[in-house]
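Here is what each chain is made of, one letter per residue.
There are 2 protein chains.
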Amino acid sequence: MTEISLKQRIVAAGIELDTTKMKFAESDRSKLEAQVSRALAAMRELEGGAISNADEKRRVGHYWLRNVDKAPAELRVGINQAREAVCAFAKTIREKKDRFRRFLLIGIGGSALGPQMVYDGLRSPGNTPALFTLDNTDPTGMQRVFDDLGSLDDVLCIVVSKGGSTRETQNGMAVTETQFAAAGLNFRDHAVAVTGVGSTLDKLASDQEWVARFPIEDWVGGRTSLFSPVGLLPAALLGFDVDRLLRGARDMDEATRGEIMTQNPAMLMALAWHSAVELSGRGNLVILPYCDRLVLFSRYLQQLVMESLGKDGHGITVYGNKGSSDQHSYIQQLREGTADFTAMFLQPLRQDADWIVEKQGDVSVTVGDYLAAFLDGTQTALHEAGRPSMRLCFEHVDEYHLGALIALFERAVGFYASFIGINAYHQPGVQAGKLAAAAVIDLQETLVSFLDQHQGREVGVSEIAAHTGQDPVIVHDMLRRLAVSKQSGVTSSSELLGYSPSRRFGYQKS
Amino acid sequence: MTEISLKQRIVAAGIELDTTKMKFAESDRSKLEAQVSRALAAMRELEGGAISNADEKRRVGHYWLRNVDKAPAELRVGINQAREAVCAFAKTIREKKDRFRRFLLIGIGGSALGPQMVYDGLRSPGNTPALFTLDNTDPTGMQRVFDDLGSLDDVLCIVVSKGGSTRETQNGMAVTETQFAAAGLNFRDHAVAVTGVGSTLDKLASDQEWVARFPIEDWVGGRTSLFSPVGLLPAALLGFDVDRLLRGARDMDEATRGEIMTQNPAMLMALAWHSAVELSGRGNLVILPYCDRLVLFSRYLQQLVMESLGKDGHGITVYGNKGSSDQHSYIQQLREGTADFTAMFLQPLRQDADWIVEKQGDVSVTVGDYLAAFLDGTQTALHEAGRPSMRLCFEHVDEYHLGALIALFERAVGFYASFIGINAYHQPGVQAGKLAAAAVIDLQETLVSFLDQHQGREVGVSEIAAHTGQDPVIVHDMLRRLAVSKQSGVTSSSELLGYSPSRRFGYQKS
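Residue numbers (numbering that gives the first Met the number 0), protein chains in the order written: chain A, 0 to 509; chain B, 0 to 509.
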């Protein structure tokens, strides 16, 4: 048995990964090499165009988006055309400055998290137009977004949905249409679609002659869609350099194809996670960027990591906000509480601005020096307490480094999935909640129709449940919520909270 | 042995807690009653004025803030005076509408999370003035806040720090003073302090004759300071009803003093957490408000729960954003991945606005119906997969219910701490990181002073390390970061990333 040390500090695509404060469970060279070659082989097959998402019978092609030469020959023209169309469209919009000055993204999950994170990471007040988002089916939340927006004259809506039938996005679009109509504006003159070719959304946008349409390829999954028009269109419209975003990712892809595990940061990261999670039971991954601009990065990674790996009883739980703020929140638990996590520090080395706050003789200490000191201090304190951590260090939060960071995590997730033998590219568990939700909407129709037959009198929960064959508690909860809503027509003279089978509900046709 | 069922649905202070989808490890009545009485007794002592935070020799009095009759007699006048002073001041400021129209909060951790959460939870565009925050020592982040603010003429700064020496807050204040000076304005005419009486900040504000000062009592901890001037002042300035906020919390306090465990929601919640964490190893608590307005609630709870309970190897890890958005992110893992969590759903029943998006005959389905259906569907799907969850249901996100929710979690945390025998009111682990950070700043002075002695020539890392008695890697990392900073005077002709002991650094006096 020859040993290999996975405690390394390596640099790729402008990102330095430091694993010297990690604990690795395995150091036997031959065992590690076998594990690593299997993961590399799986990734080569994926990049070669295999059906890597077997359940959905799909290829997995997000790596092709940043290096078209790696794509199957028949896909290259399409990839280039989409990117060029995005850039040309954004250029036109940005040149006509008076037409569209603000953007409203309508999308959820993979269609929203990336653009939101990139916007918050890179926006510069005065230069970057404002990006608003409808990323839920919360009507109160939507109302607030429209109140924040005020006038809609200068707003371009970007509707993003691969299949076109995501319910939250459909609802967001329906409400937005209403708002535009109320303002005397035509939604179609303010709308672009980013969607799969031939989807319901694609057809709608085509029929209604929206401002533009951009494709999401079948082989692009939601959580890895940032380098497709899903992420590129908002980025380009906001004035960010999409070429540098793509280049950062492409360079990291190149570096993380390397076969020498100690020189491949994605492999090293995946091995570090594997040691922590599967072998030491440290299932949580705390993302700590010492940088206000990256406060949404952990939310982006939550989806990328948890939706990819959270299956068959496996999973890595991702959370975190930003340092040093979080030191005043949950670092107490990281240092002295349950040892169930790996911490991942992110540090941009260069600040856009800084101020000297202390002078000791000739030596000046700045606001940013304190930020760095808190990072060092916290990592040291965790290390002393036996808590493993990694650090990612890079020059600056910009398009190139953001692209490289995302590519690094994407590939680490892919390798990790190989280690534990799961398909990282589907999300079967999401379907269950959607189906259950559809059943809830069906039940709403059943219950309201039943009450409709008794117009004029209130009926007790037990009676409704018995006649409709439903659980009384479920009947009760649905009707009491509807009784609070203005639009439903459901009435009740009872208390709102608690459960009582004798509670009575009625219906008034509107 | 007589059994007791902890699967309940109970209502207190406008909040309905439903634990019927939880798993409880213990149902033996006498065992539970003993555990519960100990926790209630500890809480009675705390509320009676005992030194409940023994390590810091402090009383713990946040419950007194919302019901002054429960406070020790000698404290009552002070509590009332502080609240009245906050309300009177806010009234004056709000009446002079043209003077201060926007607010800048300078604080971190418990001094920022509460006001940020309340602002995002309750703000109403057009009515609520804007609240900006400096809650970190990130200079790039600060620059962006000032760029967002633009003119400072109408900005009132609220500096919040109990001891007055929190470094991040000091730095935020120093930079803010610079910005006001650069705009030709006097910071003191735009500043109020919320701080402990006699603190360095209190003295500074007094000496410089700031606009106003408000006290933080010694017996108020950062993470439970929302009902002290820390939370009340921003809330009142923003136009929120602080009386209703206090009343919601007071009513919940009253309800959660009850001795019958199945009627005390804080006790039931604490027992549910205890079953999940200590007895079943489900250490994570996922907070899922189906409500855009409560997206920061989990961040608030992260501090309250993790800083209180994360010690002596214990802890509950809190994360979450909002539903149904998170269904498109990590719900996959909750349903099919590691079964290491309890989910906590939050549901406001009434929407401020809603839109009909479907009609099936007479039955209309709204945007909000879908939100509710996704919640029901997701909870059902988790339940079917054997994942325990709770639900908190209430009429509306407003001052009263927010106050009640916070009080509910505060007391549940207190009970839980009793169960596992820890002090919920100190945070010894935070100190280690701060001390380590101070050592880092000292090292910076050592290294720069050393380089200063060699002005004009660059020195290698190994040599610097040997002469200063420091670890070469630490020396290297600090100097390369300083070499990127404009203010430090440290120079290097080398590459930025990676580590090399032969790298050379110099110093140019500015």
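Derived from the structure by calculation, the hints contain no laboratory data.
Keep in mind it's a predicted model, so treat the numbers as computed, not measured.
Among the hints, a few may not be true.
A pair counts as met if it fits within one copy or between any two copies, since identical chains are not told apart.
[Unchecked claim] The list that follows gives simulated cross-link-like pairs (lysine-lysine, DSS-like), each with its CA atoms no further than 25 Å apart:
no. : residue 1 : residue 2
1   : K20       : K30
2   : K69       : K56
3   : K90       : K508
4   : K22       : K6
5   : K508      : K202
6   : K202      : K56
Hints versus structure:
1. In the homo-oligomer, the alpha carbons of K20 and K30 lie at most 25 Å apart inside one protomer (22 Å), although the nearest pairing across protomers, at 44 Å, exceeds that limit.
2. Taking identical chains as interchangeable, the C-alpha atoms of K69 and K56 lie at most 25 Å apart only when both belong to the same chain, with a minimum of 20 Å there against 65 Å between chains.
3. Taking the closest pair of Cα atoms, K90 and K508 never come within 25 Å of each other, the shortest separation being 51 Å inside a single copy and 45 Å across copies.
4. Taking CA atoms no more than 25 Å apart as the test, K22 paired with K6 passes inside one copy only; the shortest distance there is 8 Å, against 41 Å between copies.
5. For the homomeric pair K508 and K202, neither the shortest alpha-carbon distance inside one copy (35 Å) nor that between copies (66 Å) is at most 25 Å.
6. For the identical chains of this complex, K202 and K56 are intra-copy neighbours only, at 24 Å inside a copy versus 69 Å across copies, given an alpha-carbon limit of 25 Å.
Hints 3, 5 from the earlier list are contradicted by this structure; the remaining hints agree with it.
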